[in-house]
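**Student:** My request is simple: use the sequences and hints to build the entire structure.
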Amino acid sequence: GGSGNSAGAPYASVVGGYQNEATGESSFAAGKYAQASDPNSAVFSFSSDSSSCASMGEGSVNFCFDRGFFLNGEVVNATKDIDIAISTNPNVLALENEISALQS
2 GGSGNSAGAP YASVVGGYQN EATGESSFAA GKYAQASDPN SAVFSFSSDS
52 SSCASMGEGS VNFCFDRGFF LNGEVVNATK DIDIAISTNP NVLALENEIS
102 ALQS
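First residue of the sequence shown: 2, per the numbering used here; consecutive thereafter.
Keep in mind that the hints are not guaranteed to be accurate.
[As the list claims (entries may be wrong)] Beta-carbon label-pair distances, calculated as ranges:
#: 1; residue 1: Leu96; residue 2: Gly3; range: 42 to 52 Å
#: 2; residue 1: Glu59; residue 2: Ser105; range: 39 to 49 Å
#: 3; residue 1: Leu72; residue 2: Ile100; range: 26 to 36 Å
Everything labelled a hint here was simulated from the structure, so no lab data went into it. In this text, all values refer to a predicted model and were calculated from it rather than measured experimentally. Using N, Cα and C, we set each Cβ at its ideal position, and we do this for glycine too.
**Tutor:** Structure follows, in structure tokens:
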């Protein structure tokens with residue numbers, strides 16, 4: 002389905018959309034301007050402009066979007082979630098304490 006799509010590798014798939022390419026073996030592309038060029042990769046491209054979204058290496062899954070990513074109706078804020086994971090990591094907290102002790 003869709004228009005201008007191409008699945009040009011063994012076991013590659015494109016499921017509709019526009020100008021998607023799946024050129025890596027066993028790759029998958031969906032949305033608009035998705036480029037899955039690495040083996041065993043998947044690309045989901047849902048940006049409102051015409052920028053492309055590419056796979057990030059073998060075995061990767063890349064999502065490109067500009068209006069938010071939601072999981073079960075809740076927005077997933079990657080920066081905030083990463084900050085929380087770092088700030089609650091016991092190794093990071095111990096290192097911060099050691100740095101503070103050295104500075105005083």
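**Student:** State for each hint whether it applies.
**Tutor:** Against the structure, the hints come out as follows:
For Leu96 and Gly3, the hinted distance range of 42 to 52 Å is satisfied, since their beta carbons lie about 49 Å from each other. For the hinted restraint 39 to 49 Å between Glu59 and Ser105, the CB-CB distance of approximately 47 Å keeps it satisfied. Between Leu72 and Ile100, the C-beta spacing of about 35 Å keeps the proposed range 26 to 36 Å intact.
No hint from the list above goes unmet by this structure.
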